[in-house]
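S.K.: Need the complex rebuilt from these two chains, each delivered in its own frame; the hints are there to steer you.
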Amino acid sequence: MNSKSYSLFLKDFKSELRTRYAINALAMFIIVAISVILFSVGNEKISASLTGGLFWVVIFFTAMSGLSRAFVSEEERGTALTLQLIAAPSTVFSGKLIFNIILVFAMNTVIAVLYSAMFEAFVIQNFALFLTSFVFGNIGLAVSSTIIAAIIAKAGAKGTLYPVLSFPILLPLILTSVQLTLFAIDGISFERAKFELAIVVSYDVIMLTASYMLFDFIWKE
Amino acid sequence: MTNYSVEALELNKSFGRRLIFNDLQFRFDKSGVYGISGPNGSGKSTLVKIIAGILGASKGKIVHKMNDQEIAEERLHDHIGFVSPYLVLYEEFSTYENLKLFAEIRGVKFNKERVDYLLNKFLLYKRKDDLLKTYSSGMKQRVKFIFALMHSPQLIILDEPTSNLDDEGKNSVYELVREEGQKNIVLIASNEKNDLELCNDIVYLEKYKN
Numbered sequence: 001m002n003s004k005s006y007s008l009f010l011k012d013f014k015s016e017l018r019t020r021y022a023i024n025a026l027a028m029f030i031i032v033a034i035s036v037i038l039f040s041v042g043n044e045k046i047s048a049s050l051t052g053g054l055f056w057v058v059i060f061f062t063a064m065s066g067l068s069r070a071f072v073s074e075e076e077r078g079t080a081l082t083l084q085l086i087a088a089p090s091t092v093f094s095g096k097l098i099f100n101i102i103l104v105f106a107m108n109t110v111i112a113v114l115y116s117a118m119f120e121a122f123v124i125q126n127f128a129l130f131l132t133s134f135v136f137g138n139i140g141l142a143v144s145s146t147i148i149a150a151i152i153a154k155a156g157a158k159g160t161l162y163p164v165l166s167f168p169i170l171l172p173l174i175l176t177s178v179q180l181t182l183f184a185i186d187g188i189s190f191e192r193a194k195f196e197l198a199i200v201v202s203y204d205v206i207m208l209t210a211s212y213m214l215f216d217f218i219w220k221e
Numbered sequence: 001m002t003n004y005s006v007e008a009l010e011l012n013k014s015f016g017r018r019l020i021f022n023d024l025q026f027r028f029d030k031s032g033v034y035g036i037s038g039p040n041g042s043g044k045s046t047l048v049k050i051i052a053g054i055l056g057a058s059k060g061k062i063v064h065k066m067n068d069q070e071i072a073e074e075r076l077h078d079h080i081g082f083v084s085p086y087l088v089l090y091e092e093f094s095t096y097e098n099l100k101l102f103a104e105i106r107g108v109k110f111n112k113e114r115v116d117y118l119l120n121k122f123l124l125y126k127r128k129d130d131l132l133k134t135y136s137s138g139m140k141q142r143v144k145f146i147f148a149l150m151h152s153p154q155l156i157i158l159d160e161p162t163s164n165l166d167d168e169g170k171n172s173v174y175e176l177v178r179e180e181g182q183k184n185i186v187l188i189a190s191n192e193k194n195d196l197e198l199c200n201d202i203v204y205l206e207k208y209k210n
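Chains A and B, in that order, are what the protein sequence lines are. Under our numbering, the first residue of the first sequence is numbered 1, with each subsequent residue one higher. Under our numbering, the first residue of the second sequence is numbered 1, with each subsequent residue one higher.
Hint data in this document are derived by calculation from the structure and do not stem from the laboratory. For glycine and all other residues, C-beta sits at the position ideal for the given N, C-alpha and C. Honestly, I wouldn't trust all of these hints.
Quick list of in silico lysine to aspartate or glutamate cross-link-like pairs, EDC-like style, CA-CA up to 20 Å [as the list claims (entries may be wrong)]:
#: 1; chain 1: B; residue 1: K59; chain 2: A; residue 2: D216
#: 2; chain 1: A; residue 1: K14; chain 2: B; residue 2: D78
#: 3; chain 1: B; residue 1: K207; chain 2: B; residue 2: E91
#: 4; chain 1: B; residue 1: K140; chain 2: A; residue 2: E75
#: 5; chain 1: A; residue 1: K45; chain 2: A; residue 2: D216
#: 6; chain 1: A; residue 1: K14; chain 2: B; residue 2: E160
#: 7; chain 1: A; residue 1: K14; chain 2: B; residue 2: D130
#: 8; chain 1: B; residue 1: K183; chain 2: B; residue 2: D201
#: 9; chain 1: B; residue 1: K170; chain 2: B; residue 2: E160
#: 10; chain 1: A; residue 1: K220; chain 2: B; residue 2: D78
#: 11; chain 1: A; residue 1: K220; chain 2: B; residue 2: E74
#: 12; chain 1: B; residue 1: K61; chain 2: A; residue 2: E76
#: 13; chain 1: B; residue 1: K100; chain 2: A; residue 2: D216
#: 14; chain 1: B; residue 1: K133; chain 2: A; residue 2: E75
#: 15; chain 1: B; residue 1: K133; chain 2: A; residue 2: E76
#: 16; chain 1: B; residue 1: K133; chain 2: A; residue 2: E16
#: 17; chain 1: B; residue 1: K140; chain 2: A; residue 2: E76
#: 18; chain 1: B; residue 1: K65; chain 2: B; residue 2: E91
#: 19; chain 1: A; residue 1: K14; chain 2: B; residue 2: E91
#: 20; chain 1: A; residue 1: K14; chain 2: B; residue 2: E74
Computed footprint of chain B on chain A; a stretch qualifies when at least three of its residues, placed anywhere within it, have a C-beta under 8 Å from a C-beta of chain B [unchecked claim]:
#: 21; stretch: 8-19
#: 22; stretch: 88-101
Chain B extracted, bound-state conformation (with noise of 0.2 Å):
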């Protein structure tokens, strides 16, 4: 059970005069795995840029609540997980050094142990001081799931969380989605049928193009 709530209110979003959804509502106030769909261009990623904070709304707005409190907008990244195919860790620096430094900006103490555990589950605790950008595409996806999980967030939100990722690395991020659902929030954007398929309950976004 989780005491966070993620809701949309009449949200509207144009890019100049593209519509690209318009009256969404939704509200996810139960611990689960939640996921929106739609064809390609129908805003997904858009849909969770806005639900993370990193976009504006044209008209309506998402309210974040934990224990009934809405969360200002400016501590919202202390309840966020985020994965997607365009978020790029810093090539320069291991999987560790990001991850201590993201703590260090975060103002969270780095949680060794949580860590740890996320390395061993994504397999990749035995290249942990290997600079990112010896990494192949799929080992860089699954840092950006222990980048997303390590300050234990609230809310997870994953676009297209299985690009780029072999079997294995799929079966890990499906173990984790079930495991991460039944205490917290978890919304996939995705059009994979497999992916969906976790979901408790699915926004269609083409169902708000008018």
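Excised from the complex, chain A in its bound form (with noise of 0.2 Å):
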């Protein structure tokens, strides 16, 4: 990543800003997937092991509602063709996956927040696990997303195909990262969730080499 790519960002972060492209439609599925459940659940008690696996459904569902933004806002305002134009195939992908990220980021951040505020059960026991599973868990639905997201682009039905090409990509990354969750809400020690931990990293990596890899073929017309 370099200065080209950090401008790229920062050219998305500035049109996100005045388009609110992603924004809107991360933060209104946020808060209708977060009342959804509190409304079905109602005064009944559910247990920690199932927040922990809707903690990650509502993450995977409001990733898939507006993480193809990066490219698919591109492709159908027209404007790819002139980011082929000024900047090589690796500049833009490290501008959209920096963006992607930070997205992630935030977005995750505010769901578990609310998760923690809405339901009582969501109790982390092993903060640092809890920080370090979720770090990495948002790295891999970063990549992931941003891949799939340059792929689905130039397709017709994207909205479909999306989510359905994700969901096998981002299982393995989601199973992995639900477990991690319980452990961490279980206050399971780093020791005992190492396997667990070194799947989500080796995931991680295995999908950024990928990407990077593949990322020419696909941008290329």
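M.R.: Below, the structure is given as structure tokens:
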């Protein structure tokens, strides 16, 4: 990543502030999803393990509602060609990835704060483990979402294709992150969670490497 | 005189079973204005996209050289200026903001003198801080020329350069094409008689259909 990628990220950031392409969709989805869970649960007490699972369900579907915008908005507005004319593919991917990483972290922090405020059972015993899994889980989610967004951006039925293509790719990450969140809720030590942590870190490294290798072919028509 | 050259080597492009052109060869190594002509659907826009490195060829390749050194594909955008009706700039930014962003993303210094010169040439200086979405289609087309020329490229590719332009705009473009053609390679893809009259040499795509 270099200054060109950072400039591209800044362009996306300024553009987002003016157009509210992704922020509004994400904010609405977070509020609606958490409200629906709250209404459906009612006065019932839900277990800690269920809240941990639902936490990542909300994160997955929120990501599906907004993270594809990085590339889809460029294709829909016809500005993808402009980017192709001013930047190398690696610069474009890095710029979009920085934007999505920041968006994922902001979005998931809001979800985590709302979640802990709304659900009594969502009490983290091992906060360091939760934070570690949260950071690596978010990075994996951002990398996968960015490369999948690039793949589906040129397709016709983008809205349907994005979650359908994302589900099998994100499944290993989501399942392991759910497990790590449950460990954090139960107060399990790092030592006992190292296998799951290794899976999440490996996932991130594999996805990042594969994305940079594939992006040239995806980006060029 | 330019130290830049662009050469097509046995270029072939097909979309599925549909052949666009076959065994296309040309070499432009002297500064000047060159044309690409052909009827609608003959592949003019496809060819300029391949030359600009946006689209891949089915067979053959385009070689860009600077001082006899082949330019790597990922550096190509530093040497090319591109204008076309299907090029879209960021409408939520002003012309000046767009141009500054492009310089930063390209990784080059924003040349204020050159940009101001081009803004004056295309009669847009007074509107440089207005959002692009408030511009007419002709004004947007003029901004594309500034976008294409702001980094002083050695190869300027113009796909239907005078579409959406009024007579005043067309005259600015023709003046600019003559000026740039003195020191750089200007490639025009068009069917317009007036556009092609500027060209020293023309590639007729209908000859490469077999």
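S.K.: For every hint, state whether the structure bears it out.
M.R.: The hints, checked one at a time:
1. B:K59 <-> A:D216: 18 Å, holds
2. A:K14 <-> B:D78: Status violated; Cα separation ~24 Å.
3. B:K207 <-> B:E91: At roughly 39 Å apart (the allowed maximum being 20 Å), B:E91 and B:K207 break the hint.
4. B:K140 <-> A:E75: Given pair B:K140, A:E75 holds - Cα atoms ~19 Å apart, limit 20 Å.
5. A:K45 <-> A:D216: 50 Å, violated
6. A:K14 <-> B:E160: 31 Å, violated
7. A:K14 <-> B:D130: OK: A:K14 and B:D130 at ~16 Å, within 20 Å.
8. B:K183 <-> B:D201: Roughly 16 Å separates the two Cα atoms, so the pair holds.
9. B:K170 <-> B:E160: 11 Å, holds
10. A:K220 <-> B:D78: 17 Å, holds
11. A:K220 <-> B:E74: 11 Å, holds
12. B:K61 <-> A:E76: 30 Å, violated
13. B:K100 <-> A:D216: 26 Å, violated
14. B:K133 <-> A:E75: 17 Å, holds
15. B:K133 <-> A:E76: Holds, at about 16 Å.
16. B:K133 <-> A:E16: 16 Å, holds
17. B:K140 <-> A:E76: 18 Å, holds
18. B:K65 <-> B:E91: 34 Å, violated
19. A:K14 <-> B:E91: OK: A:K14 and B:E91 at ~12 Å, within 20 Å.
20. A:K14 <-> B:E74: 26 Å, violated
21. 8-19: holds (count 7)
22. 88-101: With 5 residues in contact (Cβ-Cβ under 8 Å with chain B), the coverage given for the stretch 88-101 of chain A holds.
Violated hints, listed in ascending order, are 2, 3, 5, 6, 12, 13, 18, 20; each of the other numbered hints is respected by the structure.
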